[in-house]
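Chains as they are written, first to last, in our numbering: chain D, 327 to 601; chain W, 33 to 362.
Hints were generated in silico from the structure; no laboratory data involved. For clarity, every value in this text was computed on a predicted model and none was experimentally measured. Even glycine gets a Cβ: it sits at the ideal position worked out from N, Cα and C. One or more hints might be untrue.
Below, a list of computed lysine-lysine pairs in the DSS-like style, where the Cα atoms sit at most 25 Å apart [what the hints assert, rightly or not]:
| id | chain 1 | residue 1 | chain 2 | residue 2 |
| --- | --- | --- | --- | --- |
| 1 | D | K448 | W | K163 |
| 2 | D | K347 | D | K448 |
| 3 | W | K142 | D | K347 |
| 4 | W | K169 | D | K448 |
| 5 | W | K163 | W | K142 |
Negatives, chain D to chain W, calculated, CB over 10 Å [to be verified]:
| id | residue |
| --- | --- |
| 6 | A353 |
| 7 | V488 |
| 8 | F503 |
| 9 | V585 |
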Amino acid sequence: MNWRAVGALARKDLWEVRMNKVAWIPAAIVPMVIVVLLPLAFILAPNLFAPSTGTPDPNANVQTLTNLVPSSMVTELHGLNDAQRWVVFSTGFVSAPMLLLLPLMFSSIAGADSFVGERERKTLEALLYTPATDSELFLGKVIASVVPALLLTWMSFVVYAVVVNAAGWNIMQRVWFPTAAWWPLMIWVAPAIATLGMAAAVLISSRVSTFMEAYQLTGTLVVIVLALVVAQATGVLSLSVGVTLLVGAALWAVDAVLVWLGVRLFSRGAVKALA
Amino acid sequence: MDAIQTDALSRRYGNLTAVADVTLTVARGEVFGVLGPNGAGKTTMVRLLNGVLAPSAGSCRVLGLDPARQGSGLRRRTGVLTESPALYERMTARENLRFFGTMYGMPAGKLAARADAMLEAFGLAERADAKVGGFSKGMKQRLALARALLHEPEVLFLDEPTAALDPEAARRVTELIMEFTRQAGRTVFLCTHYLPEAQRLCDRVAVLNRGRLIATGTLAELARTLWHGTWVDVECLVASAPDLLEAVRVVAGVTDARLDEPDGTRLAVQVEGEERIPAVVRAIVERGGQVVRVNAREHTLEDVYFELQGEPAHAQPAVASETSGRGGRR
Ligand SMILES: Nc1ncnc2c1ncn2[C@@H]1O[C@H](COP(=O)(O)OP(=O)(O)O)[C@@H](O)[C@H]1O
Ligand SMILES: [Mg+2]
Numbered sequence: 327m328n329w330r331a332v333g334a335l336a337r338k339d340l341w342e343v344r345m346n347k348v349a350w351i352p353a354a355i356v357p358m359v360i361v362v363l364l365p366l367a368f369i370l371a372p373n374l375f376a377p378s379t380g381t382p383d384p385n386a387n388v389q390t391l392t393n394l395v396p397s398s399m400v401t402e403l404h405g406l407n408d409a410q411r412w413v414v415f416s417t418g419f420v421s422a423p424m425l426l427l428l429p430l431m432f433s434s435i436a437g438a439d440s441f442v443g444e445r446e447r448k449t450l451e452a453l454l455y456t457p458a459t460d461s462e463l464f465l466g467k468v469i470a471s472v473v474p475a476l477l478l479t480w481m482s483f484v485v486y487a488v489v490v491n492a493a494g495w496n497i498m499q500r501v502w503f504p505t506a507a508w509w510p511l512m513i514w515v516a517p518a519i520a521t522l523g524m525a526a527a528v529l530i531s532s533r534v535s536t537f538m539e540a541y542q543l544t545g546t547l548v549v550i551v552l553a554l555v556v557a558q559a560t561g562v563l564s565l566s567v568g569v570t571l572l573v574g575a576a577l578w579a580v581d582a583v584l585v586w587l588g589v590r591l592f593s594r595g596a597v598k599a600l601a
Numbered sequence: 033m034d035a036i037q038t039d040a041l042s043r044r045y046g047n048l049t050a051v052a053d054v055t056l057t058v059a060r061g062e063v064f065g066v067l068g069p070n071g072a073g074k075t076t077m078v079r080l081l082n083g084v085l086a087p088s089a090g091s092c093r094v095l096g097l098d099p100a101r102q103g104s105g106l107r108r109r110t111g112v113l114t115e116s117p118a119l120y121e122r123m124t125a126r127e128n129l130r131f132f133g134t135m136y137g138m139p140a141g142k143l144a145a146r147a148d149a150m151l152e153a154f155g156l157a158e159r160a161d162a163k164v165g166g167f168s169k170g171m172k173q174r175l176a177l178a179r180a181l182l183h184e185p186e187v188l189f190l191d192e193p194t195a196a197l198d199p200e201a202a203r204r205v206t207e208l209i210m211e212f213t214r215q216a217g218r219t220v221f222l223c224t225h226y227l228p229e230a231q232r233l234c235d236r237v238a239v240l241n242r243g244r245l246i247a248t249g250t251l252a253e254l255a256r257t258l259w260h261g262t263w264v265d266v267e268c269l270v271a272s273a274p275d276l277l278e279a280v281r282v283v284a285g286v287t288d289a290r291l292d293e294p295d296g297t298r299l300a301v302q303v304e305g306e307e308r309i310p311a312v313v314r315a316i317v318e319r320g321g322q323v324v325r326v327n328a329r330e331h332t333l334e335d336v337y338f339e340l341q342g343e344p345a346h347a348q349p350a351v352a353s354e355t356s357g358r359g360g361r362r
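So here's chain D without its partners, still in its complex pose:
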């Protein structure tokens, strides 16, 4: 493995995707919503609206919601009052899959630019004539998609933690976030999801010819995460450390298959690589 070439390619691709403003403007808005507006809405909304409106106390709804909480969470909610339960439930549990949208989105955008954009801009052929092997080229592009996606996700996570703890301070009176399950989520599941987004972009890249088409297609991946959100909120999945590790393992298994397919598609032998 010629790491110098791999690094040069990854740096070049990263630089290129940074120049792709069409991709980054929506990609900057979504994290803002998920990381800042969503937790603020969760934490502040009940306090803002509960006294003034005549509707039933939202904490009553919380009560029914928290009844759905799987047993693993009960310990986390134990000894908390209703307002505190709401904060932990909404920002510590329900929104977790939303944060997982970020690695998926970042890596599929970067992947689409790296794999489809290179071909669209007609520079792929020159790259194929370099001594870099197929796996070096593939790895360079994987790094360029997965690494920044992960870094951005972790940065977003830090911001999210600050927002959640700060906004909930009056209610919680302590730094309670992140709870235990968030660590495997960020360290084990987020990389698997970033890899998933990248691999999906590679597979899609073999079917489409422009970055925009790939971009739109990878957008449909959001459905996967929305399914997770629903599953989560209805209590099908509990966000315990054990379940998180299992979900991560399943994702990595899917990744392995997709990456294997991707390597085969993105090779000099694959005719589609040369338009």
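Knowing the structure of chain D, use the given hints to seat chain W with the ligands on it.
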């Protein structure tokens, strides 16, 4: 050892055979031209010879290596000017060269100096730090050529180097190609459908049509196999005697003779070889012909090419024909 060797090399895309049974050799240091209209299989050949595509059948060796299995090692020693410049338009000229130099495994220190030297040699030093997107086609092509030569390849592949350029830019690129190939004794594999370029640059050519090799050889060799003789135009001051034509026809080595002008001032004589020309002139002079001009027609690559393709020159729009008016064939 030959630089390039192919043996019944074939490549199919589905039902279409892009390269069919091509067997050829290119010696080291030779400038070898592959001529053919669009779709003849030239680009596919370049891809096969660099291990970017694998052959469907047959085999090839470049610098003694099998491109399909030793592609990485081989590509260190080859340089390719692709059909489209394939440059990063949002990067500067210098950044492009440095990126590709790194991909070719050039050590950082040497690369920086070499990139600067190449930018200088290719007339791009002033625009070295400008984004390539703003370059003219000619500048892009020069930069792409500089990139192909950056790592000092032993074999240089040029895929239609001047096809997209205006005549001035094309000439500049052609001159750079001559400068950087002749001096270094580099092997060159030049694909083109622009015949004057091939005539100017190539030692030997192969003519490709629909993936098949129709002929290989030097221009003179090809002309000799196509036309069994040389046409000689003879111009006289005044009309010659009516029996002149007959007298010329019986000269040894003359295969045909006819009057070009009805008034008899010009005649065209076909001889087996140039060594027969003095005898022809003598015969005309003996009959009182006042010879003012004798001109043996030379075949251009264009003549050869169209004869091989079996089509008249003007009915071939796929081929840029910028003839010099040296009309040889009729
Ligand atoms: N990736 C590909 N997939 C399918 N057909 C191709 C592909 N590349 C080239 N061809 C076909 O192969 C033939 C030869 O193409 P090419 O080698 O590009 O010719 P040239 O460079 O001489 O114009 C053409 O008919 C072309 O349409
Ligand atoms: Mg071509």
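Checklist line | Hints the structure fails to honour | finding: Per hint list: single violation, 3.
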